[in-house]
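> Chains as they are written, first to last, in the numbering used here: chain F, 60 to 183; chain W, 38 to 998.
Accuracy of the hints is not assured; some may be wrong.
[To be verified] Ranges between beta-carbon positions, derived for each pair: (1) N167(F) <-> E780(W): 54 to 62 angstroms; (2) H174(F) <-> Y526(W): 35 to 43 angstroms; (3) T86(F) <-> V527(W): 27 to 35 angstroms; (4) L964(W) <-> P162(F): 49 to 57 angstroms; (5) Q591(W) <-> E98(F): 34 to 42 angstroms; (6) L491(W) <-> P162(F): 35 to 43 angstroms; (7) P162(F) <-> Q534(W): 50 to 58 angstroms; (8) Y526(W) <-> P162(F): 25 to 33 angstroms; (9) E489(W) <-> N167(F): 42 to 50 angstroms; (10) E98(F) <-> A580(W): 43 to 51 angstroms; (11) P162(F) <-> D642(W): 41 to 49 angstroms.
Read the hints as simulated data drawn from the structure, not as lab findings. Every residue gets a Cβ at the ideal spot worked out from N, C-alpha and C, and that includes glycine.
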Amino acid sequence: MNKILVVDDNEQNRYLATYLLEHAGETCDQAVNGEQAVEQAQQNSYGLILMDVQMPIMDGIEAARIIREQGLCAKIIALTAKAMRGDEEKLLASGFDGYVAKPIDPENFIKQVKHWMLEDKIHP
Amino acid sequence: MDSSDLASFLSDLAQVVAIEREPDSLLEKFLQILMQHCKADRGLLLHQYQTGSMNDSSIVLRLHSCVGDIAACHSIVDGYSWHFPLSTSQVLLLTDNQCQQLFGLNQHYQITGFGFVVAECGVFCVLVQNDDCQPESRFETLIPALSLFANTYALCRDNQSYQQKLQQEKQKVSDNLQCFRTALDASRDAIFLIDSSTMHIVDFNQSMQKNLGYSRDELLTMSIYDLKPHVDKQDLQTFFETELVEKGEAVLVTVYRRKDASEYPVEMSFRYIEQQQGAPLINVVARDISDRVSIQQALLQNEKRLSGIIETAIDAIISIDEQQNIVLFNSAAEKIFAYRREELIGQKLDRLLPEKVRSNHQQLVQRFGSSTRDALHVPPQRLLQGMRKNGELFPLEANVSKLESDDGMLYTVILRDISERIANEKELQRYREDLEFQVQTRTQELVTARDEALRANRSKSDFLANMSHELRTPLNSIIGFTGLIKDGYVGDVNDEQVKQLSMVYDSAQHLLALINNILDLSKVEAGKMQAENEVFELEFLLAEIEDMMALQAQNKGLLFSTEISGAPDTIISDRVKLRQLLVNLVGNAIKFTDAGSVKLICYQDSEQLCIDVVDTGIGIPSDQLDVVFQSFRQIEQGDARQHQGTGLGLAICKQFVGLLSGEISVKSETGRGSTFTVRLPQNLISSQASQAFGGINVNHHVQNQGESNTILIIDDEPTALDLLSTYLKQQGYDTLLCQNSAEALNMAVEHQPFAITLDLVMPEPDGWTLLTQLKQIPETEHIPVIIVSILQEQQLGLSLGAVDYLVKPVEALQLASRVDKIRNRHSDILLIEDNQSDAELIAKILGIEGYCFRWVQDVQSGWRAINEKLPDMILLDLMLPGVSGLQLVQQLRSHEVYRDLPIIVISAKQLSAEERQFLRDNFVMLLAKASFTAIELLNEVGRLLHQVGLEQNNKEAEIME
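In isolation and in its complexed conformation, chain F is listed as follows (with noise of 0.2 angstroms):
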């Protein structure tokens, strides 16, 4: 089973997210910047990232950059408050493969997180 890796500077973000997605019985590890993040993705192999894109140190389109250039996971989604319209093309360049919108809908969280987690094991 592949982990999921939360990154979210916000601490009930990042328990949200967690306590949802261990509910939905994948596991998951956290990270609270993108710094962390790309260490920890050094370290381990995840099947899907999900990252907040405005944190301190370094931000979530830094680290996808350097996670995707090193190969390090295949599938980062964005976990966004910026929703707005130019935003997600923005982000799908930026090295995303997607987005989730915050404040997140608990339900549709979780089955969006399955089909990417889905995908990857479809396409690997």
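Following the hints, complete the assembly by docking chain W onto the known chain F.
Same frame as chain F, now just chain W:
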């Protein structure tokens, strides 16, 4: 005398007669001869006489006499009726008696021969003859000689007297001549005579010399031609011949030249004088007429000038005589009326007037003439018209004057054609009206625009208010319900649940804070926030802040202290906002400090109040000090702390500081800490002054006489009890604590507090029960009850009789203000009433409940009062001077600020249905004067104030989060 004597006498006599012509010397010679030959002197001659009678043939020669008085002689002689008067040479024959009488002889002499009598009246040769003797022959030769002598003498005498007369006459003539000469010389005119044949000057008066400057001799050489400078002799000759000779006199005006070559004008009058001998003379009077000429010229000049003035005048000048005939018609008149003056001089004036006024005009002229006024003004308003030559009528303005002259009355009218002026005025009027219309339209447009703007503004405010409400409502549920659940009120909760619910609760609170901040910021930026200044004590403010933040600091192990050093006790500021911003600053300080202390220090610097919030935290990098007060800017920190903030706190602080007319600044050193400084201008008030201030706006209450100062606090929870008590004690109230609700009623009865705070959630009896009880028994029903509970049952609470309802947790200020309202009726009522006795009545009623109010007598003053301080309520009479009460209602309700302001209209006026509806639409209570009772008024006032109070407090509560 003998014959030889006689002969020599005669020859001598003949000689004398032949020679002498002078009568006196003739007589003298004669007498000498007589003496010689008669050998007697004169007196003795008498003795020669011989008495004898005389007859008429005696010859008496009257000769020079020296005897007697001629008149006497005359009378004597006359008495004898001489047949020729004695004045001529006489040969008289006298009788003896006559001689005696004539000569005064008192001897009777017989005279024969002859003798000579020298009497006064003459020398007489008397020949006396006797009547009866023949005359002696020798007398025959004597008589002719004597006659000759007598005649000669008489002739000489006559000649002499003739000469004398001649001389006299000559003298007379000479004298006359002299007189004339003087008269001639006295004349200033040059008068002279010329010989008509030679034209030469023959004689002249002194003025001739003077006027012309020539000497006498010179003049005598000159002719009349020499007097004139340019003379045509022929012309003059002709003139003399034709004019002068024919008529005998003539006049000529010409110019003379003086000796010094200067010239002057003369008027010459000539008189022809025929002479007996020689050529006729011409008498010339040459008058110097230079004066006359210059006067004439001056007159002419003057006339020209006057004429010029009249002719160049722009206004028409027309003069008429008594019969209305035009005697003067100037150029302007010609232009205006389109007549030439020749057409009108002598014509009647009314030719220039429209037909319909002509008859009237005559009367007017006469009336004016006989009146005492000497001028008449016909203003344009009279609409007097003139008529031009072509019949066209035109409006005019005229002035008429009159002049009495020797020829009768003279009227002069000066008029102008004002058709242009009237046209201009009409034009102006049109422009004005047009402008007026435009202004009105513009105003209307502006009014519309303004109303729209106001509406938009209101929408914006409404929007903001709505948004605030909309946003808070769901949050209310979130916070409320999660709060309840996590605190175990809804059932048991496990740790995990508590953890998660806490996260929810905290997030919701955070969101609420964020929303409040956004709202505040928007309000401030939209200019919808104002500083509401009050006087308060700095100490109390700091105490409140300590209360609020101490725990937070404690949790992080920080020391938190407040300090006043050198700042005034009492300050004027917006207490709420100041607290909010200080809480914000302190909160930030605590958040960003891990160890050490947070201090709040108040001090004075020049005229400013300074408040420093000093922390020993992580500090702010110097390059980020500028952006620190900007909205949504957060400092890049290496941790998650900023996310606990909203990014708005400092921005709001800055705005609030601006509202308070102050400044905010920061000093910081990374790793050492930061100091935020708030500077506020202060009209510093000392503690003494604040007391003298009379407690306005201060959270110090005014103790009404006879009223208790105690508040009964009913709550089963000791901490709540304590907290409320502290708050109230701070405000200077006395508190009575009741933890056991069962005792509450008795305590209330016994102590009669002026207010009660009542918790609801208590063991039996609970708050509801107690409330009902309190309101039922007479001893306590009047005591105002404030419910202080976590429950939100305001409606129920109020309907059961509570005057106020506060939701826990309450803040000191909240509670205090509610209690104040009850205690002091701190509500500020504004009474607008112009009738003194009505105002006094209302004052009395309000005084029963101890309400404070301000009284003004008209709307203008009312607005002044409202702007000074917004009242909590307005009591309004409708019938006011100037702006009416209804208008004020209109004005008030059209502004957002005053829309919720309670208004009670107290009016004597019978209002129409529309008016009543208007008041209802505008949420205005109506009480009719003379029909409301004191209780009714107080009830209404109380009710409305209370309602407003509740609303206000709700708003406050929301903002203060």
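> If I claimed the Cβ atoms of L491(W) and P162(F) lie 35 to 43 angstroms apart, would that claim hold in this structure?
About 38 angstroms separates the Cβ atoms of L491(W) and P162(F), which means 35 to 43 angstroms holds.
> Does the hinted range 54 to 62 angstroms hold for N167(F) and E780(W) at CB?
58 angstroms, holds
> Taking the beta carbons of L964(W) and P162(F), is their distance inside 49 to 57 angstroms?
This hint holds: roughly 54 angstroms between Cβ atoms.
> Are E98(F) and A580(W) spaced within 43 to 51 angstroms by their CB atoms?
Between E98(F) and A580(W), where Cβ atoms are some 50 angstroms apart, the hint holds.
> Check the following: the C-beta atoms of P162(F) and Q534(W) are separated by a distance inside 50 to 58 angstroms.
20 angstroms, violated
> Using the Cβ atoms, figure out if T86(F) sits within 27 to 35 angstroms of V527(W).
33 angstroms, holds
> So does E489(W) sit 42 to 50 angstroms from N167(F), Cβ to Cβ?
44 angstroms, holds
> Determine whether the Cβ-Cβ distance between Y526(W) and P162(F) falls within the hinted range of 25 to 33 angstroms.
26 angstroms, holds
> Taking the CB of P162(F) and the CB of D642(W), does the distance hold inside 41 to 49 angstroms?
Holds, since P162(F) and D642(W) (Cβ atoms, about 47 angstroms apart) stay within the stated range.
> I want to verify a distance hint. Is the separation of the beta carbons of Q591(W) and E98(F) within 34 to 42 angstroms?
37 angstroms, holds
> Holds or violated: the 35 to 43 angstroms window for the beta-carbon distance between H174(F) and Y526(W)?
Given a distance of about 40 angstroms, which is inside 35 to 43 angstroms, the answer is holds.
Hint check: a violation occurs at hint 7 only; the rest are consistent with the structure.
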